[in-house]
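Mapped onto this note's numbering, the consecutive letters of the sequence shown carry residue numbers 1 to 430.
A hint or two may mislead.
[Said to hold, decoys possible] So the derived label-pair ranges between C-beta atoms look like this:
hint, residue 1, residue 2, range
1, Ser280, Thr240, 22 to 32 Å
2, Val211, Arg314, 47 to 57 Å
3, His52, Val211, 24 to 34 Å
4, Ser93, Ala200, 50 to 60 Å
5, Arg206, Arg146, 43 to 53 Å
I should point out that these hints are in silico values taken from the structure, not numbers from a laboratory.
Keep in mind the model is a prediction, meaning the values are calculated, not measured.
Here a beta-carbon is modelled for each residue, glycine too, at the ideal position from N, C-alpha and C.
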Amino acid sequence: MAERLVCNQKVRGSSPLSSTKIPANLYQWRTSEGRFVSGRRDNGAGSVYFDHKAGTTCRDSRYHKSCTGRWSASISLGRDGSGKRKRIRLVASTKTELLAKMAEAQEALKTGLDTSTAYTIGQAMDDFLAAGLEGLSPNTIDLQQRMVKMLRPLLGAYKLRELSAVQVQAALRTIAETHSTRTVSIARNTLERAIRLAQAHDKVSRNVAEVVKTPAGKKPGKQRRSFSLDEMFAIMDAATGWVNMDAYVHLSFLTGASPDEIRGLHWAEVDLDGPQPGISITRPMRHSGGTKTTARRRGLGLPQLAVDALGRQRKEQAAARLAAGKRWEDNDLVFCTRLGRPLDRGNVSRVFKTLCANAGIKDARNRVPYEMRHTYASLIHDDGVPAEEIAQQLGHSGTRVFEAVYRHVLTPQRLTGQTVMDRITAQRTG
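The task is simple: from the sequences and hints, build the whole structure.
Next up, the structure:
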């Protein structure tokens with residue numbers, strides 16, 4: 001009975017045939033008499049041949065050891081939707097390397113992966129920028145582009161299927177040498193998302209970026225600060241009388257709403273005359289027009305100082321509407337320009353720095369409107385409001401973000417332990 005021999009492999013159940021050379025595009029069978037009979041490969045097995053370099057002659061028609069060129073293979077990938085056969089070509093400098101590539105391609109075909117092994121990390125990141133950022137804000141897209149620019153020189157040339165966790169870790173450590181921990185974390189997240197998109201397109205089966213721990217950055221990151229109670233009142237006093245900024249500052253400090261939520265506030269969402277004055281947060285000034293999460297859709301009560309400031313804002317806006325006449329754009333915005341258009345975030349930030357300077361705040365040029373939200377969270381927590389309630393006020397689904405980001409110690413000394421020890425020691429000394 002004949003036994004099949006593929007290329008230069010050993011015949012099962014017989015002595016090694018390493019010295020027996022077989023044409024690459026043929027199978028051979030050994031008969032009971034010991035003779036070898038050649039035949040063509042089965043359908044779908046692929047064809048292997050030596051491709052001579054143009055202008056050269058074949059010096060070894062059987063083994064091609066002295067020939068100039070490369071080994072090539074053609075593998076069938078089935079048929080496309082129109083019934084046309086799809087094929088790929090593989091090349092290698094040696095037949096052994098080519099057979100390994102064929103085996104890898106056929107295994108990928110069985111598992112449903114793309115058979116191409118030349119797809120690089122750089123190509124994966126390009127595809128991510130082209131198709132993986134739909135629906136995100138311009139600022140987020142710009143951030144992802146900067147992360148890709150940072151990662152490309154470190155990882156872009158690696159083939160995606162050959163990328164290892166060690167290589168990813170080394171790249172992140174290089175970034176950590178000159179950047180903050182937050183930047184390193186965002187870079188790792190960008191790489192993970194790019195590989196995940198490649199997974200969805202069957203380019204790779206495993207996402208090595210998911211298992212890599214983010215190294216700590218050596219550059220100090222920007223820390224959000226909060227204002228003290230006295231500083232808060234000083235800034236609110238400095239803002240009184242400023243167009244828009246009067247109510248904007250009061251509302252930020254006294255409700256904890258974010259800058260985008262306040263800039264996107266509409267008069268239809270403000271109740272100043274009811275028994276319980278409040279505002280509804282439903283559509284912040286974001287590119288998508290909606291809240292970031294479901295938890296961010298919420299109602300907030302208004303302290304009296306905020307009610308008074310919004311009353312002044314309504315009168316000032318009515319006067320601005322009359323002055324603008326037909327040029328007025330009715331967008332129903334609580335905070336807008338003299339023609340009714342939305343406020344620019346950059347302009348608000350610049351005016352806020354001026355207010356901080358007028359209020360005598362140190363390092364005023366580095367303070368930002370978002371720190372009013374931090375101040376609100378810190379003040380009410382310091383006054384005994386539970387973290388769960390504060391998280392709901394801020395629009396968070398849990399307390400983790402509040403505890404990690406928003407909670408600030410407002411005074412350098414905590415007096416609880418001192419008070420307790422005074423009481424305990426008083427029993428002995430008294």
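Status of each hint after checking the structure:
{"no.": "1", "hint": "Ser280 - Thr240: 22 to 32 Å", "verdict": "holds, 25 Å"}
{"no.": "2", "hint": "Val211 - Arg314: 47 to 57 Å", "verdict": "holds, 55 Å"}
{"no.": "3", "hint": "His52 - Val211: 24 to 34 Å", "verdict": "violated, 45 Å"}
{"no.": "4", "hint": "Ser93 - Ala200: 50 to 60 Å", "verdict": "violated, 33 Å"}
{"no.": "5", "hint": "Arg206 - Arg146: 43 to 53 Å", "verdict": "violated, 27 Å"}
Hints 3, 4 and 5 from the earlier list are contradicted by this structure; the remaining hints agree with it.
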